[in-house]
Amino acid sequence: MNDSERIKIEPIRTVIPDRAIVYIIVTIFAAFFIIFLLYPLLQILKTSFGTEETIFGGGSSGFSLRNYIEYFSKARIRRSLFNSFYVSIITTIVSTTMAFLVAYALTRTTIKGKPFYKAVSSLPLMAPSVVQALALISLFGRNGLITNWVGGKWDIYGPTGIIISEIFYCFPYALIILITTLSAVDTRLNEAAESLGAGPMKVFFKITIPSARFGIFSAAALAFNLTITDFGNPIVIGGDYNVLATEIYMQVEGFQRFDLGATISIILLIPAVLAFTLNNYFTKRNYALISGAARPFLRPSSSSKKAIFSTVSILISASIIFLFWAIFWTSIVDVWGGRSGQSRQVLKWLTTFSTRHYDFSHRGRSISAVWTSLWISMIVAFFGAWLTLIAGYIVEKRNPRGKQILYLVTVLPAAIPGLVLGLGYILAFVKVNWLYYRASIIILNVIVSNFTLGMLSTMTNMKNIDISIDEAATSLGADLPKSFFRIIFPLSRVSFWNNLLFFFERSLVTISAVIFLVSPRIKLASIEIIHLIDDGYLESACGMATIVFVIVIAVHVIFISIFKRRGIRV
Amino acid sequence: MGNDLVLENLTKRFDHIVAVRDMNLEVKESEFVCFLGPSGCGKTTTLRIIAGFEAPTEGFVKYKGEVINDVIPQKRNFGIVFQSYALFPHMTVAENVGFGLKMRKVQKDQIRKRVDELLELVGLIDQKHKHPPELSGGQQQRVALIRSLATNPEILLLDEPLSALDAKIRVTLRAEIKRVQAELGITMIYVTHDQEEALSISDRVIVMNQGFIEQVDKPFEIYKNPKSEFVADFVGTSNFFEGELSGNMVVNKSTGLNFLISPDVVKTHGIKEGKVSISIRPEKVHFLEDIEHNEHIYEKMNIKQGEIEVVTFLGVIVRVLIKVADKHVIVDITEKDFEKHLLRMGDMATLYLPPEDFLIFRR
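Residue numbers (our numbering), protein chains in the order written: chain H, 548 to 1117; chain P, 974 to 1336.
Hints may be right or wrong, so weigh each one.
[What the hints assert, rightly or not] Derived lysine-lysine pairs resembling DSS-like cross-links, with alpha carbons at most 25 Å apart:
(1) H/K1029 <-> P/K1086
(2) P/K1078 <-> P/K1101
(3) P/K1075 <-> H/K1029
(4) P/K1197 <-> P/K1240
(5) P/K1075 <-> P/K1086
(6) P/K1200 <-> P/K1245
(7) H/K753 <-> H/K852
(8) P/K1103 <-> H/K1111
(9) P/K1277 <-> P/K1296
(10) P/K1048 <-> P/K1001
(11) H/K1029 <-> P/K1081
(12) P/K1226 <-> P/K1273
(13) H/K1029 <-> P/K1103
(14) H/K665 <-> H/K1111
(15) P/K1200 <-> P/K1257
(16) H/K1029 <-> P/K1101
(17) P/K1273 <-> P/K1248
(18) P/K1048 <-> H/K1029
(19) P/K1226 <-> P/K1300
(20) P/K1273 <-> P/K1257
(21) P/K1081 <-> P/K1048
(22) P/K1248 <-> P/K1300
(23) H/K1029 <-> P/K1078
(24) P/K1257 <-> P/K1313
In case anyone wonders, no lab produced these hints; they're calculated from the structure. Since the structure is predicted, the reported quantities are computational estimates derived from the model, not experimental observations.
Same shape as in the complex, but just chain H (with noise of 0.2 Å):
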């Protein structure tokens, strides 16, 4: 022991403590989301009762219900509200059907190829919400494949389009959620009713679904605020029916009547934060109802429960990767559908290459837009990541005062739409030159409009960590810095490069956030598809809507390749 008195051992020499340093984090925190998330809410909530029409008028003065009267007493705009109400609520019962067709097939049958039907059903995930509608146009539309083969007379824009488009938009969703529930819920429960003589249409009727309720409820809340929240689907493919999101964006880019439209963002905001609120209370019970059960063994299932089953499923499938071939199809023939009148050379024409849709700048766009798009992704994926690195590990490690006040700060962006949050955007900073117009704009929308999941998702691997390790680190001299780097960020690895994925691809394939957003100067491929059908290039459109598709899961599958090489499971 004499050696140690040789060795110097200085006292530790910190400068700022880390109480300091904690609330210094969370002041900042607390001004970037009052500053790019309440401010610009709270501007829409004043042009909405401001009298007004633009926002370049000096200021909205006086308080006046003026616009939500307006918006109630024109008829073709208050269609708008039931209009979108229509559409959800069919969306929601099927999707969510679908959705627990395909989960009960996951979790609780014996048949074939469930990594396979998985992997189908989180292709929708990956591309902008826009090409459901896309496919449906190239299929059915008045030029479609299917239209022109089978000589069909109907008309496939307007709500039929649009329900179609939102069921196989939110299907992916639902099934994550029902996965999770139904693969976690008793199922002794099934087994003591068998036991007792119930069949299996019994058993499931009044066991299996009543057990997984919470999970319906959670699931058709999130299938109901997706529908009633997207742009991309039901701009293309609405035609004159118009809902709550395509009448925000008219009234704003037609009309340039932006107290019309924030008035409109007002009136989605109550049904979809209602959505939101709903289905955060059926998780959080869904959740407690199954937590710590243990997965069970699984018979093997009788031939036609199998036969069921693995059709449904099939189906299903092959529904999604027929869309997604139709759009890839489309833009790689020279003349899809043909032409009319000429419905019987169909395979002909279906067979007749080109690159020529490629051609962006023919029609107008550019290829350059696929390269903001992804230079604008990569920053939003650092910083987003980055940012709901620290915000997690201070909020769940470090407990500081007001946690629970940012905790509800940050769950917030999750509850508002996208559409919402751009039109906030722009009146918030149509002053401020160096963010209106400019690609900073898009970055911190898309960044603070998909804060929610990521911090989450950071919060859940922090909640892992021991918190002893953080106070080890504390008594054996390291600061708050130290600490972070050295211990906590090494040990949050996986859930980092996760969320880097995530906020990548959000980037990528957003829509609604970002429509406000776009201009001359920034222009973003995922906006740039809706500008080419709009022009009529539905060709074009699927190119364009290919090629990030492509990027998508090209990255996707690296990280992924990544990921097991290093034996980390995601």
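Dock chain P against the given chain H, drawing on the hints supplied.
Using the frame of chain H, we list chain P on its own:
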């Protein structure tokens, strides 16, 4: 005396829960003290206040004569060993042990020397490059111990460090901790709910209950002369009886169990009259066949009869549970004596509870 740790009027409140109540304590340099008590008694909270992770609501923590309430944990240089070890899983054993030195900007080769030294001390030099998850519980605990010692702290705080280990390892590690402490002369503050542990290693035991200190004493005194009913009950096993004290007699009208208490006992505990609890250790109760037939030695009042309900073999002793007038009396006798008297379940037995072996507490 200069390096003593002093807790002065220490109180800690969490909302309406008072975890620590007006605690006054002095821990001398190089002393080995144990905070002993059931879960929720406030012992861990007290330790965390000393460490600097919690701030006291009232009162002071003084070290070397200075108030250190506002000194951040990093600057206190108190080593801490956690119940869950809290080893950094992504670092090797060597990196873990050297972490504190690295934070103090000690040179790399000097860190290596010191780390090797400490690993030799606990016989883990071969595990140097392993990661904590690869080690056994006992090995991890030893790493946690030397990690906290690496920076030559003046006080070592240990929060139930052995509770996650099995009995045999616990005994070995206990001895090792004691040895290290004696060798380094470091002050140790140890928190545990295991009374055997507390009694075997500490110089003084601080028994805590619901935020209060019940008694601070050497282990022997805690066991032999518990100052309160709680301590008598928590430390070791006791038989408790309730009643009214008048003179030298404790009378209980409802159970009919009356006992004579020797006047010395009554005087020592300083109780005059009124409601009391009396206790007697199981090893002090005799079966009457044990004692020679000198009847004038026995106080008739303290001879009781009852039925043997349970006989439990505990290895060193045999524990017999006897039902006397609706109360269960525990008697511990050696295996030899048990054999001698052929006691069986269901038999009637005669017990003697000597008046001089009772403890008496105010109720």
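Each hint, compared with the structure:
1. H/K1029 <-> P/K1086: With a Cα-Cα distance of about 23 Å, the restraint between H/K1029 and P/K1086 holds, given a limit of 25 Å.
2. P/K1078 <-> P/K1101: Holds, at roughly 21 Å.
3. P/K1075 <-> H/K1029: 11 Å, holds
4. P/K1197 <-> P/K1240: Since the Cα atoms of P/K1197 and P/K1240 sit roughly 16 Å apart, the hinted pair holds (cutoff 25 Å).
5. P/K1075 <-> P/K1086: 13 Å, holds
6. P/K1200 <-> P/K1245: Judged against 25 Å, a Cα distance of about 16 Å means the pair holds.
7. H/K753 <-> H/K852: 17 Å, holds
8. P/K1103 <-> H/K1111: 23 Å, holds
9. P/K1277 <-> P/K1296: 10 Å, holds
10. P/K1048 <-> P/K1001: 21 Å, holds
11. H/K1029 <-> P/K1081: 18 Å, holds
12. P/K1226 <-> P/K1273: Holds, because 18 Å separates the two Cα atoms, which is no more than 25 Å.
13. H/K1029 <-> P/K1103: With Cα atoms ~23 Å apart, H/K1029 and P/K1103 stay inside 25 Å; holds.
14. H/K665 <-> H/K1111: 18 Å, holds
15. P/K1200 <-> P/K1257: It holds: about 18 Å lies between the C-alpha atoms, which stays within 25 Å.
16. H/K1029 <-> P/K1101: At roughly 23 Å apart (the allowed maximum being 25 Å), P/K1101 and H/K1029 satisfy the hint.
17. P/K1273 <-> P/K1248: 23 Å, holds
18. P/K1048 <-> H/K1029: Answer holds: P/K1048 to H/K1029 is near 15 Å, not above 25 Å.
19. P/K1226 <-> P/K1300: Roughly 14 Å between the alpha carbons, so the hint for P/K1226 and P/K1300 holds.
20. P/K1273 <-> P/K1257: Distance ~17 Å between P/K1273 and P/K1257 Cα, so the pair holds.
21. P/K1081 <-> P/K1048: Given that 25 Å is the threshold and the Cα spacing comes to 22 Å, the pair holds.
22. P/K1248 <-> P/K1300: Answer holds: P/K1248 to P/K1300 is near 19 Å, not above 25 Å.
23. H/K1029 <-> P/K1078: 13 Å, holds
24. P/K1257 <-> P/K1313: 18 Å, holds
Comparing the model with each earlier hint shows no violations; every hint is respected.
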